[in-house]
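Asker: Two chains, two separate frames, one set of hints: put the complex together.
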Amino acid sequence: MNLEQQLKERLKDKEILLMTHIVLGYPSFTVNRQVIRQMIENGVDCIEMQLPFSEPMADGPVILKANQDSLAGGTRIADCLAFGAEMAAAHDIPFLFMTYYNIIFKYGEEPFFARAKEAGIKGFIVPDLPPEQGETFFRLAEEFQIAPILIFAPTSTDERMRELDRVGRGFIYCVARRGVTGKKSEFGADFSDYLRRCRAATAKPLAVGFGIQNRDDVQALIGKADMAVIGSQTIRLVDAQGPEAVGPFIAGLR
Amino acid sequence: MNKTGYFGNWGGSFIPEVLHQTFEDLKEEYQKAKADPAFWQEYLSLMSTYSCRPTPLTHAENLSRHFGGAQIYIKREDLNHTGAHKANNVIGQGLLVKRMGKKRVIAETGAGQHGMATATMAARFGFSCTIYMGEVDVQRQRPNVFWMEKMGATVVPVKDGSRTLKDAINEAFRDWVTNIDDTHYVFGTACGPAPFPEMVAWFQSIIGLEAIKQILAQHGRLPSRIYACVGGGSNAMGIFGRFFQEKGVELVGVEAAGRGISSGMHATRLSGTDASPGVAQGYKTMFLQNEDGQMKETHSVAAGLDYVGVSPILADHWENGRVRFESATDDEVMEALDLTMKMEGIIPALESSHAFVQAFKEAPQLSPSEAIIINMSGRGDKDIFTIAHAFKDPSWKEFIIKRGLEYSKETLSVVI
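Line by line, the protein sequences are chains A and B.
Read in order, the letters of the first sequence correspond to residues 1 to 254 in this note's numbering.
Read in order, the letters of the second sequence correspond to residues 1001 to 1416 in this note's numbering.
Among the hints, a few may not be true.
[What the hints assert, rightly or not] Partial list, computed: chain A residues near chain B (C-beta under 10 Å):
1) P56
2) M57
3) E110
4) L129
5) L140
6) F144
7) Q145
8) P154
9) T155
10) R160
11) G179
12) F249
Calculated directly from the structure, the hints in this document are not laboratory data.
All C-beta atoms, glycine included, are put in the ideal place defined by N, C-alpha and C.
This is chain B alone, in the form it adopts within the complex (with noise of 0.2 Å):
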């Protein structure tokens, strides 16, 4: 990162004046906390004993066997604390916020991980949190919603925009404007004005730290690929961060392709064609714009990858082709989150599946000497709604008609 927070041509940090200290405050106690081993330690204790860290490198043997090609070995970060590598963010900058003496947090969220895992840790730590979630998000997360209040949470569901997550960003900015002095801006990914790209990479880092050991340990050598899905780029950066200098391991970003990418209805920033570079939400990427420079609208059955823009240090690698982007369609998704659960016994988030995608379709080329790493951001069991949905699950149904039913008639007798 130079002066001013670029990674070659994206980044930097547009931001009304009103912000201004506050990201000079938060740079230099970021500067601060990195150049301290100790923090780093106190880091790594809390996420061993607070969270599951290190999270276990599963060889997916059955996987394997069936593509018949390379070893597939899956990232656990579904088990981390809240099911999602959102943990290791949030516990980062939580350890910045008890450092700069603020007693308020507020967050984005997409999929409900990130705000679930800022929830959790306001919990911990003793702050007042405020959570901001699309609306359509809040309809599609429901279950996260309802942790997130239990722990204490206010909840504000946005009614602005597309009513999801870009919406729930802008109006988490209109709050930290408003309340600057005792409040910090929990950014849940890679993206945003300096420095968050960066520091919520360092955060996240922690995942290929654990996983080029690992690897090292069951492989005996370093992976072929890495797949990781790409919504902000949270969990591509985490796992991609310590591989960068293999040169040998090739890195694949995975998008939401949605409905197709001719359908209109995606997410795909990198991988497809219609992104152009711009400059919102504090900082420059390829967005998905029209030509007077206003946001589209995004589609993925993932809420967590519905989003507009994207990491600039991912735009960055995609311009110098460190990373190659793919993208995954809905069905595709399903289809791999069936195969997942029914051979390995293990549930990927929406948004993860989409990197299953790719690595079910480039496994087989590979030999069975070689082996490839799956980052698997997130458990899917927060999906349930949305996964028993797209599987038209005939008893899940009954059930929720069954349970609807009690609710309305006990809604009734209260009336009455």
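Here chain A stands alone, though its shape is the one from the complex (with noise of 0.2 Å):
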């Protein structure tokens, strides 16, 4: 099954799925695994991994700082590629990379997604790589069957999202708001207005992130869209709680 097959096979008995973030290497790989066990224990239906790079331009202070705190610890990308394939094959939801195009450009393209294939990744997710700049990226990604997933933002055109989706694969990412990774959004009726774009323009499932942080939030999403991200807010709750407080949050969210 592709993503979008298994994420609408999810979506058969849940409202809503969830999908979580995590940086790797912050603040350890043995606190990315105990915290990623504690997400599908609690019932999280996607997991998308950081790789870290030192210039996250679409990151805002709380992944920012996780990314450098990585990289200063030593992260290296091929510990964050053993580390993908240890966990797609310990656990029975789809796993996806989440990473800026320099660290795949110069890790190489090819080689890059057949290691993530070998690995069982199942989708990437590169905020700085637009489809008219990745045209060897997308060729690879249809022929080695890993979703290329792409992000509609508020400031698109409905004919931008056509675009995007003709391109895209796996579902589509809708950034709540203008800005950065981490900061709370508002769901108003510029944001329903917003999301109804997005539903008229793709038939894949639709994935809201950005300053999702709490039950409210989740919910407000219900018959909109069909699956929140959860980003910043669980590396603050490993930063001021540890690990063990993720399992109680993933569980208060539906």
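Answerer: Written out as structure tokens, the structure reads:
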């Protein structure tokens, strides 16, 4: 089953799916392992694992710091790939890699796809690679059957959304607002209009991210989107209360 | 530039989706401005009344005599308003911002010259203005921070990463994706996502357009070589622009070798062997990065050259051989600066002094009937703290100590 089918299968018995995010190597792979186990035990449907980059231009302060601390602690891309393979083998949910294009470019696009395929990774999120810049990347994605997940933003026109929908696979990642990751979003009337535009542009599952922090935020998305993305909030939680706090937090979201 | 903003293998536009529409609008506005002769006329008129264009081309007779080779000419971008070539780009983008109807500008700055120029332009055009500057650069370029704030700009010290230019760029992008509707990002150099490299090079091309007329008038024929320092590459693109088509003119870009290329403490992307192709900060070029694609720390005594990437247009000219790339160490830079001050009464910025180093190395090999041009991208007054420190100037130290004591007494009396 490909990623889109997997998610649609899960949507048959859930009102809304949960996707969580972790930065690999932050604070350590050992903690990553504990956090992921807790996420899965508490029903998370999909996990994006961010391979740290020194210049994470689309990320806000929380994830930016996690990237920098992970690298300062000596995290290497080879370690991240091995960890990804370990997780995908151990757990029965789809795992994605999120990173910036330079990490993949520098590794070599084809070897990176081959390694990720071998590791059982289902999709890639690369926020700084628009379709028009990634001819090879999107060809390889088709070849290796790894879903290149594309992003809709409130500034995307209807026409642009349809264009992105043609090239993207797996699901569409809708960023809830302008800005970077980690800040609270307002889910008002404009937001509902925006999600209606997203829905009209694609038949793929809609994931909503950026600023989703609690049960109310997740509940507000039911009926409007298919998956809520929790990013910076779990990092804050682990920083403040340790990995054990993640399980109850996730369990309380739905 | 082809459809997707590439120059040979370099450039492009690697941006988050939230910026897509803004870049489409910017590209369109830029193309319209470029096609409109009235726009360039307005630009020229502003540059000649608000700034000091055309800037002079100075025949450095003493230096020429000293080296006994080529006639050395200096293109005086230091005499631009705010003391550097940065004003050329900033005023141009300011006119575009007016056309786009935006009310707020943001910018990154390394040496502080681009931030200075942007704050000046914002004051003049009535825009609100935020400048992002690495914390390290805030420390070493304190006078520029002072002036930016005095002109009404907010200066935000960036504490992430290496706390220099690249981190300021990331932070400016983060502001931009949050405030795209009313804000324009005045990118400071010929780097970044398309259309910035081409657009910045276009505004800076005014340097070369003037220089070719001036050298023909003063020297009677084209120069043999032109030297420019290369950080991001905008002053080099500016003076080289008009000369790319003059095949007999050799173009030389000079990067920062810092404490020596073998020390690893440098910023040589095209003249050394430490850089490799990569994609960051929205564009593809040669970056100083490790095998995993993580950017490295760079070093130069000159904040404006202390940068991991380089203009994709220059990367293309490096690859096709049109521009030769050399480098100058911090120590060589101090020597060239000292000599230029003593012999010509001219104070080049530490950045510009890199170009002087290479010109001084090569001038003796050429005949006195030949001419070379050094692009003096900015003035060194801003670097007074760094330069005085590097020269270990005793009377300056004494002055700082005394002033420090005075201030600490004032603070103490306020506390008491």
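Asker: Check the structure against each numbered hint from earlier and tell me which ones fail, lowest number first.
Answerer: 3, 5, 6, 7 and 12
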